[in-house]
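**Q** Read in our numbering, the sequence shown has 920 at position 140, and its numbers run on one by one without any break.
Be a bit skeptical, because a hint or two may be false.
[What the hints assert, rightly or not] Restricting the straight-line Cα-Cα distance to at most 20 angstroms, the calculated cross-link-like pairs of lysine to aspartate or glutamate (EDC-like) are:
(1) K884 <-> E959
(2) K851 <-> D943
(3) K884 <-> D943
(4) K925 <-> D898
(5) K870 <-> D910
(6) K825 <-> E959
(7) K870 <-> E959
(8) K839 <-> D898
(9) K839 <-> D943
(10) K853 <-> D910
(11) K853 <-> D943
(12) K825 <-> D943
(13) K920 <-> D943
(14) K925 <-> E831
Just so you know, the hints here were simulated from the structure itself, not pulled from any lab data.
Just so we're clear, the structure is a prediction, and the values are computed from it rather than from any experiment.
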Amino acid sequence: MKKKESKKYLFIFALLFLIFLMPLIVAILLFNKNPNWLHQQTVNKGTLISEHLILQQLKLVPQKTTLRSFKNKWLLFYLTPSPCNRLCQKNLYRMRQIILALGKYRHQVQYALILIKDNPLATYPFPSKDANLLNYTTSKLHAQKIFSALNIKNHHAAYFIADPFGRIILYYSNNSAGENIYQDLMRLLIISTTG
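Construct the complete structure from the given sequences, taking the supplied hints into account.
**A** Put into structure tokens, the structure is as follows:
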């Protein structure tokens, strides 16, 4: 009789064990079969740059209108071929609006226009009268290195965010929404311990 009861309890224990273990086994099997069921959502809206790119690679040439530096500050910059056309003007305005929207964090960010020129050492009139906008030029060769390192086929204009150490960390296409850039920049400023 005791043998019959012990088999009964062993059967109940094994059944309970399987009942509680079965969802885990099914979940593992389903995940291994279809791993895309687990969404892979990113937090940033721009393209995170995994390459080790630094601002010094652009060999920036400051223009006469550039009095301040962006050292120890976050930098939002717009890299575009010269001359600055109507779309460039619109994007400069968008960049200024992003900086203004940062509110109390705006003192931690500088913004710049970097024009790609054949001769970056020559001085050129810059299209914006914004006193806070930093103006730089770079050569086509140095800009080409940045775009090719990012595997960007269309070498027109783009937004970039660089950290206070000069590392370029985020890339946005020319037609990116200003709100996406603002959200990423705000998130970086809030969680950052530098700059």
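**Q** Next step is simple, just say for each hint if it's right about the structure.
**A** Checked hints:
no., hint, in the structure
1, K884 <-> E959, "17 angstroms, holds"
2, K851 <-> D943, "10 angstroms, holds"
3, K884 <-> D943, "18 angstroms, holds"
4, K925 <-> D898, "15 angstroms, holds"
5, K870 <-> D910, "13 angstroms, holds"
6, K825 <-> E959, "9 angstroms, holds"
7, K870 <-> E959, "15 angstroms, holds"
8, K839 <-> D898, "13 angstroms, holds"
9, K839 <-> D943, "17 angstroms, holds"
10, K853 <-> D910, "19 angstroms, holds"
11, K853 <-> D943, "7 angstroms, holds"
12, K825 <-> D943, "16 angstroms, holds"
13, K920 <-> D943, "23 angstroms, violated"
14, K925 <-> E831, "12 angstroms, holds"
Hint 13 alone, counting from the list given before, is not met by this structure.
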